[in-house]
Structures are given as C-alpha cells and as structure tokens.
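Q: For reference, the chains in residue letters:
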Amino acid sequence: MNIHSGPLKQALLGLIPNLRAFAVSLCGDVERADDLVQETLLKAWNHLESFQEGTNLRAWLFTILRNTYFSDCRRRRREVEDREGKKAAELAIHPGQQGHLDMQDFRRALNLLPPDQREALVLVGAAGFSYEEAASVSGCAVGTIKSRVNRARTKLTEMLGVNTPREFGPDSSTEAIVARTAGGTRLP
Amino acid sequence: MNGKNGFTGPTGSSEAQMKGESGDGRRGRQPVGKRPAGCAETDLEMENRPDMQRAPRHDSQATGMIDRSLQAQLGRQLRAIFEGIEEEPVPERFVKLLEALEAREKQR
Chain A
112 MNIHSGPLKQ ALLGLIPNLR AFAVSLCGDV ERADDLVQET LLKAWNHLES FQEGTNLRAW
172 LFTILRNTYF SDCRRRRREV EDREGKKAAE LAIHPGQQGH LDMQDFRRAL NLLPPDQREA
232 LVLVGAAGFS YEEAASVSGC AVGTIKSRVN RARTKLTEML GVNTPREFGP DSSTEAIVAR
292 TAGGTRLP
Chain B
17 MNGKNGFTGP TGSSEAQMKG ESGDGRRGRQ PVGKRPAGCA ETDLEMENRP DMQRAPRHDS
77 QATGMIDRSL QAQLGRQLRA IFEGIEEEPV PERFVKLLEA LEAREKQR
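Protein chains in written order, with the working numbering: chain A, 112 to 299; chain B, 17 to 124.
If we strip away everything but chain B, and leave its shape as in the complex, we get (with noise of 0.2 Å):
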C-alpha cells in the first residue's frame, strides 16, 4: 500500500485499523515519526486520537473516541463515493476525444 495507485491498500488498511482500534486502544499512541512515509490513510483516521502529548482531558478524550468512530465513518463515505464513479464505465465522449486526437497527430 503506497497511495501510487492506491484504492484498495487503502481501504484495506482502514477496515484492519478499524478492528484492531475497537481491540485496543493504545494505537493512537504511536509517536508520530514512526508513521510509515506515504500511509497518508492510516495517518488521516489517526490523526484525532488521543495522545500522550496531548494536554490530558476527560473530555477531550471521550470525545476524541467518539471523534475517531466518526471520522472513520466519514472516510469510508468519502471512499464509497470516489469507488462507486470510479467504477462506472468511461464515457463515450472520452474514447472519441481521444481517438480524434490520435487521428490528428498521425495526419501530421
């Protein structure tokens, strides 16, 4: 999972995160450095949970795990929508540009 060509790296790692965060919930934790460079999915549902540096309140924590629930709700939505266009066959018009675009560079 590089986030080169990245739908179902991502994806898959979230739904993993998804359970292990529910197992435990020591993964906010992990210092920041040590993310894995280009993990920008993993960083973006990490990103809000409680952590060690933070300045510790009941509250803040509390809701930083109802936060993070959401948060990952909200990526799976923002997900679902990009697969379900991404998914939909290539319009016809683009086949024709590119087909006439072709033509032309090859009458020159």
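For reference, chain A alone in the conformation it holds in the complex (with noise of 0.2 Å):
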C-alpha cells in the first residue's frame, strides 16, 4: 500500500488549520508562519517512513513545526534579541478600568515571552495538548513544561501590569469573593 495515497494528504490538510494556529501563536506573524506551515508540511511527506502508524499525527505534525522554529531561531537569535529587547523597553500595557486586557496588548505580551515558555503555553493552554503530550512535542521533560506554563502566566501577568488587587481595581463582587475566601480558611 502506498502510504502517500489520498487518505494522507486529506489528513494533512485537515491538520492545517490547527498547524497555522500554532505557528502563529508561536512566532507572532503570518507570513512566517505559513512559511514554517509549508516546511513542515515538505518534511512531513519526505519523512513519512520516521512517523509511526497508529501514532499521533498532529502531535508528530507540531513536533516537525516546533523544531523547525526553534532552530531557526537559533540562526537568528541576536537579531530577535535585539528586537526584543527594544520592543520591551517600549512596552507599558495596562489594563482598562473593568481590567479588560486588550487584544493586541495580549499579542504584543505575548510575542514577549521567551518563546520556550510561549510554546508551552500555547501547546497546554490552546492546542488542547497535555502536559504530557506538550512535553513529547517539545522533547522535554514533564515538570520542565509545567514550570515554563507557570513562567509563562507569571510573566504574562506582570507585563501586562495587573500584579496587586489596587492595581487591578477589584469591583465589588470580587472584593467579596476575595473576603469570603480569605475568612473560610484561616486569618488572625
């Protein structure tokens, strides 16, 4: 049986959506984006024979993808630490009165993170994978995606300057969870 026969391309080509998604969260830009998308996509048919039936494909789809932004990456590291470091001097996002977080402020954030701990969260928290799965993907190890999903919120959360309760300027109602939490358990 032909392995490169019509059930595999449709099976890519459902994939794709999922992948761009991915890619996009992961390197902050489309045309990029699309870029990996097409070099993961090459490498994926040429290497079938490495991809094991009965496996996840997707999970083997966004491990192609991962590995080929990652060492990308590395080629071009200096001129996107550059980048951002100047993009992280100009960055001053605070949140609305209602703490509504605006969503090219969370873009930008983002984009801001180490882009480990961006891929962790965005495997974890919007792809749907386990932290199993992520660190499979990710080539890592279980605890090491947990701690870079929990770097990645910390950080997320200060950039986008919401760190204190004033800060955040609580409303009532969350003032009384807050209150109702804080008495059922064990204060002086």
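Calculated directly from the structure, the hints in this document are not laboratory data.
Take these hints with a grain of salt, some might be off.
Unchecked claim - Distance condition first, Cα-Cα at most 30 Å in a straight line; then the derived BS3-like pairs of lysine-lysine:
no.	chain 1	residue 1	chain 2	residue 2
1	B	Lys122	B	Lys112
2	A	Lys154	A	Lys120
3	A	Lys154	A	Lys257
4	B	Lys122	A	Lys257
5	B	Lys122	A	Lys266
6	B	Lys112	A	Lys257
7	B	Lys112	A	Lys266
Note that the structure is a prediction, hence the values are computed from the model and not measured.
Build the complex: two chains, separate frames, hints provided.
A: Structure (structure tokens):
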C-alpha cells in the first residue's frame, strides 16, 4: 500500500488550520508562520517513513513545526534578541478600568515571552495538549513544561501590569469573593 | 475532553469552571494528585489558586484570587487568537503544495 495515497493528503489538509494556529501563536507573524507550515508539510511528506502509524499525526506534525521554528530561531537569535529588547523597552501595558485586556496588548505580551515558554503555554493552553503530550512535542520533561507554563503566566501577568489587587481595581464582587475565601480559611 | 482534538473541550470546560469558581472558593483546594490526566486546561487555570498546603499569607490569597481571574482572562485571549486563525480557510498555496506532492508521488 502506498503510504502517500489519498488519505494522507486528506489528513494533512485537515490538520493545516491547527498547524497554522500553532505556528502563528508561536512566531507571532502570519507570513513566517505559513513558511513554517509549508516547511513542515514538506518535511512530513518526505520523512513519512519515520512516522509510526497509529501514533498521533497531529503531535508529530507539531513536533516537526516547533523543531523547524527553534532551529530557525537559533540561526537568527541575535537579531531576535535585539528586536525584543527594543520592544520590551517600549512596552507599557495596562489594562483599562474594568481590568479588560486589549487583544492587541495581549498579542504583544505573548510575543515578548521567551519562545520556549510561549510554546509551552500555547500547546497546553490553546492547542489542547496534555502536559505529557506537550512534553513529548517539545522533547523535554513534563516538569519542564509545567514550569515553563507557570513562568509564562507569571510573566504575562507582570507585563500586562496587573500585579496587585489595587492595580487591578477590584470590583465589589471580586472583593466579596476575596473576603469570603480569606475568611473561610485561616486568617487571624 | 481529552486534549486530543481539543478545541471545544478546553473552552467549554473553562467556561464551566469560571462559573463554578465564582460560586465557591473551594475548588482550588483539590489535591493535586486527583486532577484527571489529560485535563491540562483545568490544570492551567487552577495552578495559581490558593492551596491548603501553601504557606498562609493574606496578601497572597487576595492576589491569588485576582490572578485567578486574570489567568482565566489570559487563557481566553490565548484561545481566541488560536481559534481565530484556525477558522481561516486553508490558504491556496498549501492545497497546491499537497496536490503537487501527490502528483509527483504518482509519477514514480
């Protein structure tokens, strides 16, 4: 049976939206993302013999895509660091009065995360991978993924300028919950 | 909801969780070990919750609550970006690429 027959093409086609979403979230740039997807599809097609049938095609494609992205990053690391340094200096993001975060601000903050943390966050928080699956895609330990996700979340919170209840501007319902929870546990 | 195909799953569960969470503050005290495997989205939003085992500090509790609400918001925005791209039609270049690869394969 020809492994390159119709079903594979269909399976790949079906996964493209998912792959593109991962690629854009990862690199923050649609054009670059589509180049990554293209390269991923070519590599997948040409190295299909290394895919174990019955395993997760989506996870395999994600692995190829992220490996492509990270080796690309290593190649242009210096340039990226310079650019991110400048962006970080410009960054002053504060949510509006209701603690509402603008999508544009969120995108910027996401793009400023270290790539490995952004990857972990996207895999687990958006692509629906379990920690175990994300670890296998990223080629690292489950604990590493968990700590990257945590650091990503902390950093996003810091960058978006919401560190304390006062800055966040608590509304009455939030305060009520805080008070109830605090009172319900163990306060002097 | 198992994260295998999961886009509707995590989103749905997170909404449900949001509702549960404003109703009672107790969910964060579930022992870590009891989280269902593959329930990563739940983990993501639960991790920062005040926890019985953690050192008791009033400030961190209050901040924890705020963080929780913010984390839920961050999670929704992340998924919104992801899903927004997913909903776009497959660009023509990829359809053509796969057709070309398939045609090349058939010629062999």
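Q: Indicate, hint by hint, whether the structure satisfies it.
A: Hints versus structure:
1. Lys122/B x Lys112/B: Holds, at roughly 15 Å.
2. Lys154/A x Lys120/A: 14 Å, holds
3. Lys154/A x Lys257/A: Holds, at about 29 Å.
4. Lys122/B x Lys257/A: 45 Å, violated
5. Lys122/B x Lys266/A: 50 Å, violated
6. Lys112/B x Lys257/A: Violated: Lys112/B and Lys257/A sit about 39 Å apart, past 30 Å.
7. Lys112/B x Lys266/A: 40 Å, violated
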